[in-house]
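Enquirer: Working from the sequences, and respecting the hints, build out all of it.
Line by line, the protein sequences give chains A and B.
For what it's worth, UniProt numbering labels the leading residue of the first sequence as 1, then goes sequentially.
For what it's worth, UniProt numbering labels the leading residue of the second sequence as 1, then goes sequentially.
Quick caveat, the hints were computed from the structure, so don't treat them as lab data.
Hints may be right or wrong, so weigh each one.
As a list, the in silico BS3-like pairs of lysine-lysine whose alpha-carbon atoms are at most 30 angstroms apart [said to hold, decoys possible]:
# : chain 1 : residue 1 : chain 2 : residue 2
1 : B       : K51       : A       : K176
2 : A       : K171      : B       : K71
3 : B       : K141      : B       : K42
4 : A       : K114      : A       : K176
5 : A       : K171      : B       : K42
6 : B       : K166      : B       : K149
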Amino acid sequence: MAQQLNQYLRRIPVWAVWLAGAIPLGLLLWDIFTGGLGVEPVRDIEHRLGRTALYFLIATLAVTPLLRITRISLMRFRRALGLISFSYAVLHVASWISMEMGFLWAQMLTDVVKRPYLIFGMSAFVLLLALAVTSNDLSIRRMGGAGWRRLHKLVYPAVLLVSMHWIWALKLWEPKPLAILGAILLLLAVRIVIPRPLGLKKPRALQN
Amino acid sequence: MKLNWSDVTPKADFLNRRSFMTAGAALGASLIGGPSLALSGKASALSTDEKPNSLEEITNYNNFYEFGTGKEDPARNAGSLTTDPWSVEIGGLVDRPGSYSVADLAPENALEERIYRLRCVEAWSMVIPWIGVPLASVLQKVGVQPGAKFVAFETLVRPEEMPGQKRAILDWPYREGLRIDEAMHPLAILATGLYSDPLPNQNGAPIRLVVPWKYGFKSIKSVVRITLTDRRPACTWQDLQPSEYGFYANVNPEVDHPRWSQASERRIGAGLFGGRQETLMFNGYADQVASLYAGMDLAKNY
Numbered sequence: 001m002a003q004q005l006n007q008y009l010r011r012i013p014v015w016a017v018w019l020a021g022a023i024p025l026g027l028l029l030w031d032i033f034t035g036g037l038g039v040e041p042v043r044d045i046e047h048r049l050g051r052t053a054l055y056f057l058i059a060t061l062a063v064t065p066l067l068r069i070t071r072i073s074l075m076r077f078r079r080a081l082g083l084i085s086f087s088y089a090v091l092h093v094a095s096w097i098s099m100e101m102g103f104l105w106a107q108m109l110t111d112v113v114k115r116p117y118l119i120f121g122m123s124a125f126v127l128l129l130a131l132a133v134t135s136n137d138l139s140i141r142r143m144g145g146a147g148w149r150r151l152h153k154l155v156y157p158a159v160l161l162v163s164m165h166w167i168w169a170l171k172l173w174e175p176k177p178l179a180i181l182g183a184i185l186l187l188l189a190v191r192i193v194i195p196r197p198l199g200l201k202k203p204r205a206l207q208n
Numbered sequence: 001m002k003l004n005w006s007d008v009t010p011k012a013d014f015l016n017r018r019s020f021m022t023a024g025a026a027l028g029a030s031l032i033g034g035p036s037l038a039l040s041g042k043a044s045a046l047s048t049d050e051k052p053n054s055l056e057e058i059t060n061y062n063n064f065y066e067f068g069t070g071k072e073d074p075a076r077n078a079g080s081l082t083t084d085p086w087s088v089e090i091g092g093l094v095d096r097p098g099s100y101s102v103a104d105l106a107p108e109n110a111l112e113e114r115i116y117r118l119r120c121v122e123a124w125s126m127v128i129p130w131i132g133v134p135l136a137s138v139l140q141k142v143g144v145q146p147g148a149k150f151v152a153f154e155t156l157v158r159p160e161e162m163p164g165q166k167r168a169i170l171d172w173p174y175r176e177g178l179r180i181d182e183a184m185h186p187l188a189i190l191a192t193g194l195y196s197d198p199l200p201n202q203n204g205a206p207i208r209l210v211v212p213w214k215y216g217f218k219s220i221k222s223v224v225r226i227t228l229t230d231r232r233p234a235c236t237w238q239d240l241q242p243s244e245y246g247f248y249a250n251v252n253p254e255v256d257h258p259r260w261s262q263a264s265e266r267r268i269g270a271g272l273f274g275g276r277q278e279t280l281m282f283n284g285y286a287d288q289v290a291s292l293y294a295g296m297d298l299a300k301n302y
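Expert: Here's what the structure looks like:
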C-alpha cells in the first residue's frame, strides 16, 4: 500500500507543491480585492499569513513521523514545504512592518526587545531565516550532511517559539493555538518515541 | 405609566411627517422587519469634530466576549439578546435604590449626541457618535449618599442568549468600576444609541457606559446593575491580570501594556497602508480630565 502510494507520489513534480502552497495566498488576495475581509482587513491579512506559515511549518514537521509510522515518503517535498512556510513568514513580518506598524522603525525596535510575543516571533523568524538560506543542495555539500542536519534541528525550537508567539499575543487562553501547540508537541514526541520506521529492526551494528 | 422602547414612535413615522397618510403601511412594514426606532440627541460641545467611523465599522469590529472572542463574533451572535424589557438595578449608597427602565435613566428629551474617540487597549481606535445621557444625571436622579466613593457596574449574565458565557473565559458577570469623581465627570455617559438608532446589541444594548479617556474595556456594555459603594469595586480584567489591566486604565502613551506599546494606535478604517497615529494622553481628553488625577503616579495607578 505504502509502496504503491510512494510510486504515485514520485510522479508529482515539486513545483506542484509550490502551486498548492500558493493557494492560501491566492484566497487571501481574492478576499482583499473583493472586500471579503470585513471592516478591519489589516489584522486578518497579518493573522492569516502568520497562521498559514505555521501550518506549513507543521506540515514540514509531519513528513518524518509520517514516514516512520506509515512508510509513506513525502521527503521529496519537505524542502518545498519548509520554504513555502518561510515565504508566508516573510509576508507575515512584512505585513506587520508595513500595515500594522506603518514603518515606525523606532517603535518596532523597542517593541521587539520588550514584548515577549514579539521576542518569540522574531527569534523564530531569525532561526527560520537560517534554515531557509541553507535549504539548497550547495549548502548541504558545503556544510556536510551531519553539520547541515545539526543546523536544521533548529526547526524544533523555531516551531515552539512560533506557537508561543501566537499564544502570548492573545489576551486569553484560546483553545485553537493551544490545540496547535499540542499537535506540535505530538509531532516532536513521535520523533523520540519512534526513532525509525515501524517494523524495521535496529541495524545489527547498533545492537548490544 | 412607564414608557418602553416598544412605545417609541417608529423611525419610519417620525422621519417623514408628511408621509403621515402612509404611516400605517410603513408601520406594518417596519414590524415585519423588526421595529426600527430612531433616536436623536442634542449636539454637545464635548463632541470631537473628527470624522466618525461608519456604522458598519462600529458594529462589525467589537470586543464583547459574552458573544465570542473574535472581533466579528458579537455582530454574528448578539442578535439573540433580548433587550426589551430591560431593567437596571441601582443600589448601594443611594437614596432611591430600585429597578429602573432604560427610559427612566435616559429619557428621550435628555439625550445628547456625543462624538467620542474610543481607544482600545489593543492599540486600535475609532470615532463613535454615541447618543446618551451624562452618568452624573443618572446618579443625581437616584441620589448619591455622601459615603459613596466608587460606582460598580455589572453586565447581564444570560448564557442562553450570550453564547460566550458558556465558557468561563472570564469570571462572569463582567464587572467594571469608576471612582465617584470620574463617574460624575461630564464626559462619562450612559449611551443608549449610536448614530440615530438605538444601540445595536453588539455595541452593548440597551444601555452601556462610555468613558472616553479610558481604554475601551472600562466602558462596560449591557449594564444591569449599578452599585454605589465605599470601596473599590472588583473589575473583571483587572482581577484576571492585574499587571496588565489597572483599575484606572486611563489611555496613556507613556505607560505600556506589558505586551504591547501604547505609544501609537491604528485607526480602524484607515485602509491597508493608513499607518499609525500617535496616542494622546487621556485619549485626547487631558484638558478636561487630567485634574482628576493630580498628584497621582500614573505609572503605578495605571
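Enquirer: Take the hints in turn and mark each one as holding or not.
Expert: Going through the hints against the structure:
no.	hint	in the structure
1	K51/B / K176/A	violated, 37 angstroms
2	K171/A / K71/B	holds, 13 angstroms
3	K141/B / K42/B	holds, 20 angstroms
4	K114/A / K176/A	holds, 26 angstroms
5	K171/A / K42/B	violated, 38 angstroms
6	K166/B / K149/B	violated, 34 angstroms
Violated hints for the displayed structure, listed by number in ascending order: 1, 5 and 6.
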